[in-house]
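Using the sequences and the hints, build the whole thing.
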Amino acid sequence: MKYIELHSASAFSFLEGASLPEELAETAAQLGMPAVALLDRDGVYGSPRFHTATKKHQIRAIIGAEISIADLGYQARPPSWMPHKIPQRPVRLSLLVENRTGYQNLCRLITRYKLRETEKGTGTATLQEVAEFSQGLVCLTGGEEGILASSLAGDGYDKARRNVKQLVSLFGKQNVFVELQRHFDPVEEQRNQAAVQLARTLKLPLLATNGVRYARAKDREVLDVFTCIRNRCQLNAAGRLLQKNDERHLRPPEEMSELFSDLPHAIANTELLSSRLEFTLADLGYQFPLYPIPEDETMDSFLRKRTLEGVQERYGSKNDEQLFAKALKQIEKELQLIEKLKLAGYFLIVWDMVRFCRNHSILVQGRGSAANSAVCYSLGITAVDPVGMELLFERFLSEERGEWPDIDLDLPSGDQRERAIQYVYERYGKLGAAMTANVITYRGRSASREVGKALGFDAENLDRLSSLVGQFEWRGPDDNWKTYFEQAGFDTNHSLIRKYLHLCNRIQDLPRHLGQHSGGMVICQGQLDSVVPLEPATMPGRVVVQWDKDDCSDLGIVKVDLLGLGMMAVLEECLQLIPKHYSKPVDLAQLPADDRLVYETLRRADTVGMFQVESRAQMASLPRNAPEKFYDLVVQVAIIRPGPIVGKMMNPYMRRRQGKEPVHYAHPSLEPILKRTLGVPLFQEQLLRMAMTAASFSGGEAEELRRAMGFKRSESRMQQIEIKLRYGMERNGINAQTQEEIITQITSFARYGFPESHAASFALLAYASAFLKCHYLAAFTAALLNNQPMGFYSPATIVKDSQRHGLRVKPIDILHSDWLCTIENTTNKRGEEVPCLRIGLRYVRGLHQKSAEAILLAKAQKPFATISDLAQRVPELQKSDLVTLSEIGALNSLGKAIHRRTALWQVERATRPVGPLLDAVMDEEADVSPLQRMTNEERLVADFHGSGLTAGPHPLTYCRDALTSMGIKRACDLERLPDGAYARAVGCVIARQRPGTAKGFVFLSLEDETGIANVIINPDLYQKYRLIINREKFLRVEGILQNQDAVVSIKATCVMTVEISAAETQSHDYH
Amino acid sequence: MAFACMFIPDFPVQAVIRQDPDLRYKPVAILEGAAPLTKVFAANATARALGVELGMTKLKVETCPGVERRWRAPSQEVTAHAALLDCAWTISPRIEEAENGSGAGLPGTVVLDIAGCEKLFGSQQKIADDLKHIAAEVGLEANVSIAGNPEAAICAARGFAGVTLIPPGKEADYLGPLPLSALNIPDGLLETLARWGIHTCAEFAVLPEIAVIERLGQPGQHWQRLCRGTDLRQLLAKEFPDHFEEYLQLEFSVDLLEPLLFVLNRLLEQLCLRLRMHILATTEVKITLTLQPDDFRNKQPVLHIRTLRLPIPVAQSKMLLKLLQLDLQAHPPNAPVTAIHISAVPARSRTRQLGLFLPLSPEPEALEITLARIQSTVGEGRVGAPALLDSHRPDAFQHNRFVLPEASLKKSTGERPSKAALRIYRPPLVADVQLHDKRPVTISCGGARKSVLAFAGPIKTSGEWWSETPWAREEWDVLVPALRPKFQPDTLANQPQENALYRIYRDLQSKRWFVEGIYD
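If you're matching them up, the sequences are chains A and B in order. So for the first sequence, my numbering puts the first residue at 1; every next one is plus one. So for the second sequence, my numbering puts the first residue at 1; every next one is plus one.
Just so you know, these hints were derived from the structure itself, not from any lab. Accuracy of the hints is not assured; some may be wrong.
[To be verified] Now the in silico label distances, taken between C-beta atoms and shown as ranges:
1) E191/B - P953/A: 24 to 30 Å
2) E137/B - N505/A: 43 to 49 Å
3) S467/B - I1040/A: 50 to 56 Å
4) E191/B - Q508/A: 39 to 45 Å
5) N505/A - A421/B: 43 to 49 Å
Don't be surprised by glycine CBs; every beta carbon is placed ideally from N, CA and C.
This is the structure in structure tokens:
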């Protein structure tokens, strides 16, 4: 007899299920079920993945959900005389989707009550709402979470009968099934007997299910741990909260038939019901919204007009007739395709968003493959000229592909991006647009922490363990749980520790909760809530769908990414600061194209703070690439990527660039394609063009090639395409050896390729950031510090770098600092007025913005005279705020000859009111302090503790003499040493990296007062000094200096701790 | 005025070494906490020099070569502390158990008022040396200091090793170099001082006093005076007795219960009288009998301690005497008694008004005596009221102390009463069960083999999979001809046995079958 499991929940029931939808689908297929249903709690979070997985296993996915209901009482709990900690929770209705109407109703129903939620996971539907959305849905009476169990445990049989009759009146007689589950539990069996009687008297069909919460019996342990996490308790104390046994797994049909041998029709009904439930997610009914246009226009004509207006503006101003003609031709081609694919509405909607941003002075720039489109460029969506740069349109849109194009918009992170998002909500309605979700899963640290808590380990042990769990991209053979546990001092032979270790592994990648994607928005023509349930995001004013962006994309829902880019915010802030303080306007679109200073700086790899080119790997390749023009920068942005590195393209390119090897093309026909990159394919577009030229692939075929070798790599598809490639090349008369070379180039690289258009978009920003840094350092640094966290370096490093470049940085001062970092004018040694940077109050650790605003308000009325004046006039300031301000020297200006300790001395009294009688007496000796000034070291410690940076000298300045006497070189001296010399360096660790492409090598950046020294640690040395390398703030490194092509680094042979300062310096690690 | 302080460095280590003198010169780490969370609780200087740190895991300590590991022994700490007090009492009747800043006791620290003791024991130096010597005799290596006030003495004893004598008026000079951390200053205040750059007593001492009060309030002044060695507080002498303790050192040891009860009666009468004067009673009486040691050279006290915990506050000496009599009969001391110490935990007297129409329940006092009698018969820990545990484990219960339930009308909960009662065999009967088609068909138990006439099941439960004692079982209810003859009057002895309904289960860990009980 066939059995189909019609009631199973996955880990997307968030801590109420223990297996991924994929595992459920795979197990069901292995057990020979032709279909299986997924009913997660209050949502369809896992359904796209379930749908895809069932498709892979050639079984059918039935969609449903368990819906929390407010009006039907609470779930059954043990009787009151039995001790338990099971919380009161509303009963849940198990609903299965029969058809598209049912699916839409389910989504709307969930959306309706989810949007009412004030606290995550607490929403409940009312019976009235269920009645409103009941069409197309089949209702089960449920297991222990359901209405039948609840009524029977509470008010008895009669109440249960009334409740089931109510379900019948809501859903119709043919749509209510009395559910039976058997988990070898006597209480459940009593319930089953009542259920059978009810079904008989009400003439309702019985349905056997297993109330599945995990795919395999062994996963019960994971569910128990999840239960503890959900109820914030330990396994030892959880008692009846835990599972009674491990029977709620997917059971083979034969076992189910045997278990229900007394009620065979309950089994037979599963097949009958399943055949009725015909809906699949392939039948979503999604439509992208139409753009509202004037009556006398069509969508296409309207788009054409807007595009042609843009062409005039973009290309007309270039005074290049040939380019203009080429652009027009390309645009015509693109418009025709857009018209054919009926995508005009999509382009207009994105154009509309961009127009909104422009009208509201919000910087916006399209990135990704959209930059390949001349239409996008003409509409102002992107900033790179694809015709001028000969970019490949097919990479963006092709007829064969049959999927929505992907347009990503970069916006300044923060409030400006929020304005753009809110505009989309307003324009398409709360139920017409939403953010995509981001499923937060258990990773190393969270898994170890939460499992540890459930097993009863104390916080101290868990902290130690978490600190050891590697966050490096590269995983060596010792980067495993066992090593972490042993290093944390746990005995891995102990059974509890073994279990802990095992569970940490098991819960990896299981969903923990739903977050919000950083920028992906989905928009729908009708109501988005009929396509996927919506719920409120934690951030006020945001609505989020229950699926992540990959799920949305898999189901053909078009999304627009409104991404927050810190650098956009920096640029935007610079645009405001520069006219104000340098009396010069600056226009990003009109920056000089080949600024000498910018390229010199780039060639020196002096790039701290610059977009995309500031990482250690970028710095190590910049002198070799030696960019001289914009296209060199495009290559630079693209070359430090896994693709070129794994595909071994980087070194050939660099060698050819330096003239160390001749430019060579695999086939003469590839020269036009690879000429710009010296015969080395670096971009995805080149790859596609190579296929198109060498093997005469159409644009769509080339795109198919990219996808086949992309992230979701498919061996069989790869082989088919390879055959096609070889066939095409054969036909074009390319010999076997060249064919092999071309195929190797394509296959080794395609997987991690970077689109040229995307690189060009990023290179524009990189150039802009470099230009601003070189010419407007104060404004650029202020903007960079005001938009932290972003980029590769900590604020302390940014400040030190700017100081090395001649910027005067003034410390936080209560009388002069604003909330943000600001620019002040100061006179330099030559008597010229130059801008300098004042650190803002936002860097005072622990100071709330509201308190800072109160300071600024009071200061605007009258400057503060003394510390007690400050304390009295700004009551929002806590004592701890005043202490921190004193410690970092921000109150030194409040009186004569006040030093930090004097301020601390006064703060202590100012915050201890003594009453009016003694106030006058105390003011007399206000400035007198018996305390000693802070030493240099104390000041450093206080600066880093209180603000995370120092405007004073670098910690190493104070011990340079001692270091020099030990033969330790400064960072700036290293470049003068010959290649192969033995070198010693000491510095503050500002970055640790272990990239996935570096085979276990670790790269350290050590900062001293003169610059940054690069250190390479081999895997053996890393293993030996792991703790020192990972924990110490200052390191002494000795080893052989590599000084090649102006790239300087020490290949360490020895790493030592060194006592420099107790300052809490920060390192940016593992990225 | 002169005060002495005895301080035992690394007290938990010394408390252990005291009982195991071989460890004295070895590196020792004291461990605490159940595996696998065992951590270092204390370590002596030798162990610390080898890299042992407090909070280190057991596994890490094992990597430090030569370090002796011992478990923490709180009772040894208590006795060590008591021994320390004893040492102090040999010199002065006015002693104080030192406290930290927040009022918690500092084990291993005691302060003595030695004013006038010079006449009895000699110079201050001699007193200090004597104290160190006496401590050494009971196995404790003490720092001893003498100063003009108690706090200065404590600071000096905690801060300096060996014997320290601070001449009058020189307290500030002596204490000056000590780090502030030696003073047990509360963390918040210590942080403030550290921010001011003040790290030693001398640095704190020189700050202007009024300015300190303005900033740190009275606690600041208190700690500053400590640093200056000018604290003038009175000793909170332990000689002011706890009013609810009685202690009697017997002139001659007693080895019979009756004379002991005679003395006990006197002590209890006094104790109860004092309790009643404060309108208090007691819910716990602890009797500590100091026994005559076998070896007189052994100075360590041998104690016989019995504790009576009462469910109701009691202040009648006769009842307490009766309960003690029953307890001591069941647990007689194994040596003659030389000293008796009785302490009582005070509690408010019972003032409940009995309801006129409530049914009479046994007098709590009488019930307590009855329970004590039952316990003396059936054994300790075998009397109480069962309480279910929050666990799926079958038959999971604990037994609580039996108390009379509050008299109240029981409300119907609407839950259906249980239809059958199961009498559980403790321990369960080992059985052999034959299965056919995964179902029980015959049961063999106690030599009898019976066919299963009917069954229900299985019920499957399992749990504690994370622990060292996971359990899993599968149980069935089976109807079989009775396995054990039920008691029958002689007249019915020849009648055939009826069928009976049993619960059997298979322990899935051991794969063994058991008969758990029989349904009524």
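Does 24 to 30 Å hold as the CB distance between E191/B and P953/A, or does it fail? Holds, since E191/B and P953/A (Cβ atoms, about 26 Å apart) stay within the stated range.
Problem set entry | Consistency of beta-carbon spacing, A421/B to N505/A, with hint 43 to 49 Å | holds, 47 Å
For the hint 39 to 45 Å, verify it against the beta carbon of E191/B and that of Q508/A. Hint holds: Cβ distance 40 Å, inside 39 to 45 Å.
| Lying within 50 to 56 Å: is that true of the beta-carbon distance S467/B to I1040/A? | holds, 54 Å
CB-CB spacing for N505/A and E137/B relative to the 43 to 49 Å hint
violated, 58 Å
Consistency note: the structure conflicts with earlier hint 2 alone.
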